[in-house]
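K.L.:
In the order they appear, the protein sequences are chains A, B and C. Just so you know, the working numbering puts 230 at position 147 of the first sequence, and the rest follows in order with no gaps. Just so you know, the working numbering puts 103 at position 117 of the second sequence, and the rest follows in order with no gaps. Just so you know, the working numbering puts 441 at position 417 of the third sequence, and the rest follows in order with no gaps.
Note that these hints are calculated values from the structure, not bench results. Just so it is clear, CB atoms sit at the ideal spot from N, CA and C, and this is done for glycine as well. Some hints could be false.
[Said to hold, decoys possible] Subject to a maximum C-alpha distance of 30 Å in a straight line, what follows is the list of computed DSBU-like cross-link-like pairs (lysine-lysine):
hint, chain 1, residue 1, chain 2, residue 2
1, A, K352, C, K57
2, C, K765, B, K(-10)
3, C, K651, A, K96
4, C, K716, A, K352
5, A, K356, C, K781
[Unchecked claim] If the Cβ cut is set under 8 Å, some of the chain C residues that face chain A in the computed set are:
hint, residue
6, E520
7, D709
8, D717
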Amino acid sequence: MRRFEYHKPETIKEALGLVTSLNNARFIAGGTDILVALRQKKAEIDNLISLRNIGELKGIEYGDGLWIGSGTTHTEILKSRVILEHYTALNDGVKNLGSRQIRNVATIGGNICNAAPSADTACPLLVLDAKVLIAGINGERWVDLDGFFLGPNKTVLDKHELVKGFSLPLFPKNTGSSYIKHTRRAAMDLPILGIAARITMDDGKEGATCREARIAMGVVAPRPIRAYETERFLVGKPLTEDVMEEAGNIAAREATPRDSIRGQAWYRKEMVKVLVGRAIKNAMERMGL
Amino acid sequence: MMRKEIRFRLNGEEMVCDVEAHWTLLYFLREIMGLTGTKEGCGYGECGACTVIIDNEAINACLYPIMEVEGKDVTTIEGLVSQNGELHPIQKAFIEEGAVQCGFCTPGMIMSAKALLDENKDPTEEEIKEAIAGNLCRCTGYVKIIDAIKTMGGGR
Amino acid sequence: MNGDVLSLVGKNIPKKDAPLKVTGQAQYIQDIKLPGMLWGKILYSRYPHGRILNIDTKRAERLPGVKAVLTGSTIPDIKIGFMKDNPPLKKGKVCSMRDEVAAVAATSPEVAQEAIELIDVEYEELPGVFDPVEAMKEGAPLIHEELKSNVLKLPWKLICGDVDRAKAESAYIVEDTYKTQWVTHCCLGTSGCIASFDVNNNLTMYSNTQIPSLAQRDYIDALNAFGLKNKRVRVVQSVIGGGFGSKLDTYPYEYIAILLALKTRRPVKILFTREEEFFATSPRQCTLTKISQGCDREGRLTFREMEMILDNGAYTSWGATTPSVMMMPISSLYKVPNVRYTAKCVYTNNNYSQAMRGYGNPQATFAIESSMDQLAEAAGMDPYEFRMKNANEPGEVTPQRFKITSCGMKECIEAVAEKLNWKEKRGRHNGRGVGMASLIHVGGGARVYKSDGCGTIIKIDDYGKVDVFTGSTDIGQGSDTVIAQIVAEVLGISIEDVNVINNDTDVCPWDVGVHASRTTFVAGNSALYAAEKIKAEILTIVSHMLGEDVAFLDIKNGVVYSKRDKEKSMPLGKALRSIHYATGGKMLMAECFYDPANENFDREFKGNLSVSYAYGAHGVEVEVDRKTGKVKILNYVAAHDVGRAINPMLLEGQIFGGGVMGLGYALGEEMVYINGVLKNGNFLDYKIPTAKDVPPIETIIVETVDKDGPFGAKGIGEPGLVPTAPAISNAIYDAVGVRIKDLPITPEKILKALKEKGAEKLDEA
Ligand SMILES: Cc1cc2nc3c(=O)[nH]c(=O)nc-3n(C[C@H](O)[C@H](O)[C@H](O)COP(=O)(O)OP(=O)(O)OC[C@H]3O[C@@H](n4cnc5c(N)ncnc54)[C@H](O)[C@@H]3O)c2cc1C
Ligand code: FES
Ligand code: FES
């Protein structure tokens, strides 16, 4: 492995100072992406700045909404009851991410900042309207997660900025969310396709209509995307089988997957058609309709 | 490149070691400490052969920067045998149940099993599978490994 | 034996080396370091096909820590492999991405790696050919120009009876084409070796080979070619982190290590990374098979005809000989009087192939057992009934002249049907389905080499403790334990008193290697007879001491005793000491070289390949998601005729391990080569099953007590994965009516087939 220096700041300020002053410097959180890239010689780095010892980046808080520190590990997210109950899609996202060993060290911040089209927390956070709090030497800024991703491994982050965490709103009562990770293998697999859905219904009764819908898709474009047209289509409709099927068809038109060794484009499109409906159904079940 | 001093506990013993910043914990264990019970099957976090326990959690030593070990408690397969040479009950279960073939996955598998059992005394089959899903085994088909871990639970 | 109750055979004895393995003390090649040792690294080709115009190693040589750099033109001219077509370092031309072009030895792996990157090679890229069918066409690029053709000169052809006539007379005939994919062994411990010369140029190789005796021969031949005549070679095997056929041959990296060690006069270790293990070891080849089978009105098989094309890759190892084993199921799985089989192995610019667990049998059985279901359907029969009707039976001589002695095939098929609740679950077509497939494999050795033998030496000390030196290798399957059980059983001592030494050619006798599921049978018999010899000697001497007829003496629990007179007994240790410490004393030793009475094939590929044959049947219930094409295995049943289970626990371990490997073969594993470049050489993209992928598996052990096997045992190392893929494929067909004819059976393929079928239905309507 390439030789590098390793720095362990204890505050965000210190970390930002280091990243600005050191040559060829990058942040490392759990290291499960960055160390792999280093080993594969896909990254040239002389200084790794660890975010693991910065208390401010850790933890989950629930109040007027949900705050998740970027340094929170997937295992910590998996153990959160609040997330399981109110932000279920995110629980789905981390449940089958990598292995237990990976989840014990890998962070949500790393997953989002690495910006892989297949990142398993991306679609859940997209449908949960996550906002990203970014800290730089000159202060902080908020960005909608949807505006955060630019392409594979590309984000709006400046070299000298870091992500502090994610803020998710409170959702009304009749809300449910879900994420489906479509894989070949039952574990230790990257998704062929990831579909997340969040649905807020008018009221809890039969025949209710959809007040708000969010659909997000992974591995169908260079970055995780929202299916805006599908979302618009769903609003105001009762979520019948037919509606869900049509939603799948619309989403498939919004998807522009490519052939890769992990899956063929036509298959990914077909799966969008099927899984959008299933994700919506799962979301509905979770709101107790 | 400068060596750095780090302090941590390894298999119950306080350590003060000079390390290089780019080392992984796996490299340190195998090449510096000569603790070759922890295996390298891939070096990419994909096989689990390098699993060790840090502060009660199973991790892949091949993706763990040595610098992060500072102040932590590391247990490797060598640390499971008691002072008087008595094997850990999980090790015995693996032997008795036929969970070992070529044995290359075994140390990592046992560490994953231990981390699970320390947290959950009586895991279900599903929980066991989940806990060892990151430990590949090409020989056993996992069945007897799962059986061995099951025998550690209460009710079964 | 003699109808006595067995005390160790048949028991679940834990594997002897398990304590070392669970504590991390077992020493794999990864863990071994010698004083002064250097690290070797290999530079592989940049192109799948090209001319090497120039290699400049100057920059690498100047790097501090580099002790030697080798290229094809700086080493003696040798070629290795079964067809002697593979130089350890290539010169002039590269024929695959895995081609070894240069090598270095350095003081650390990191320096060696850096040095490799400093070697400049200039190539002229040549057009490549990556598909065996293309490679057979006129004008295709030639891999080895001097051979003038890409088709290997191997005459795989088996003809039994009169297929044309049988075809004409058959009531039902089906014909189809099946494909299998490249897959790789994925041993968790990667390949490696250490080569070390002493001052007299005798070589010690630390290696994880499956074939110590043949490897020793190969190395000696190489040393001769390097000008080192009459040197000794010692092969010391480290604990092996998985074999599955991958270590059945010697490979370029081993010769490179030897050459580097020779040049530097220091021990040199080469250890593969996981990337190398994926792209630079030899996988199971892909095959293309045309099959047709027929039966008469009653459903009796009339003929089977198969034509096969195998991708050999750029060089030749035992992969090219797998058709010899494929002939076994082709001629002898079910009673089929007329058989015609031809196979062509074709050079391409892909990685060169090797045998893998099953040695060709999984590829052949996939086609045969899929086709069996098709034929049953054509004949309007239930596939289970159809199989029962055609099943092999004891006493049969098959068209290839296999003499079937013990045979529990029908019992296996019946057991599977019963466990699966076949009658009720078959034919629902509601997304759930059941399927089955059977297997035959060699169970009593396989005479694929000039000798199928294995030697054993036993010595016993003053206290009745035994050292068993066996030629056979333990690759995790548990032969160390099975041999110990057999010896302890014969000698009436405890398993702890038996030490098995199986890793050093300096002391262990010859053995042809771990393959063909032969170890329990051949090494077991060898150990059995050696133990019986030493026992006979002990009893003869003790009979004088005790004044008892030897016929009434036996040993149990470490005591020699008379079966008719309780007074007459003597602890074994005491007897041995009396024998040792007498004037003209004796330390007892015995040896046996057992070579089974099986036959090499004759020129027509006929002959009794194995002394006995193993049978089995697998059954599976699946659920198919029609919308996504995903398959869920609900239930898996594996029934095997093993002769006798010497150690049911270890035996089940082989069945589970084989079954799950078969599952990977059927549903997920595939090496994706694009123009000769491996695209998924890592554990995330090459998907061997994880613990979460394992379905409920039930094993059924059928004991037929083979007359030739040690205590009646037959081999079981490979059979576990042979029928998995067709059983699953047949179940999918039963569930949703589509048959996938190329492995692996992915959701994509199922969905595509379902859509095509749906379109057909619409067309009809
Ligand atoms: C075997 C294996 C299996 C995997 N399986 C999955 C899977 O199933 N699904 C999946 O989505 N991913 C998977 N991954 C990828 C990886 O584990 C995840 O993306 C993980 O969440 C990354 O987190 P990390 O903390 O380890 O990131 P790191 O590697 O530490 O960082 C990743 C990148 O983000 C940057 N970064 C990290 N934190 C911050 C921050 N706060 N601010 C700014 N930049 C930051 C780093 O500089 C780096 O460029 C797998 C990886 C491995 C090795
Ligand atoms: S060696 Fe660490 S996961 Fe494979
Ligand atoms: S026992 Fe060989 S890999 Fe698990």
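K.L.:
Failing hints, ascending?
P.N.:
Numbers 1, 2, 3 and 6, in rising order.
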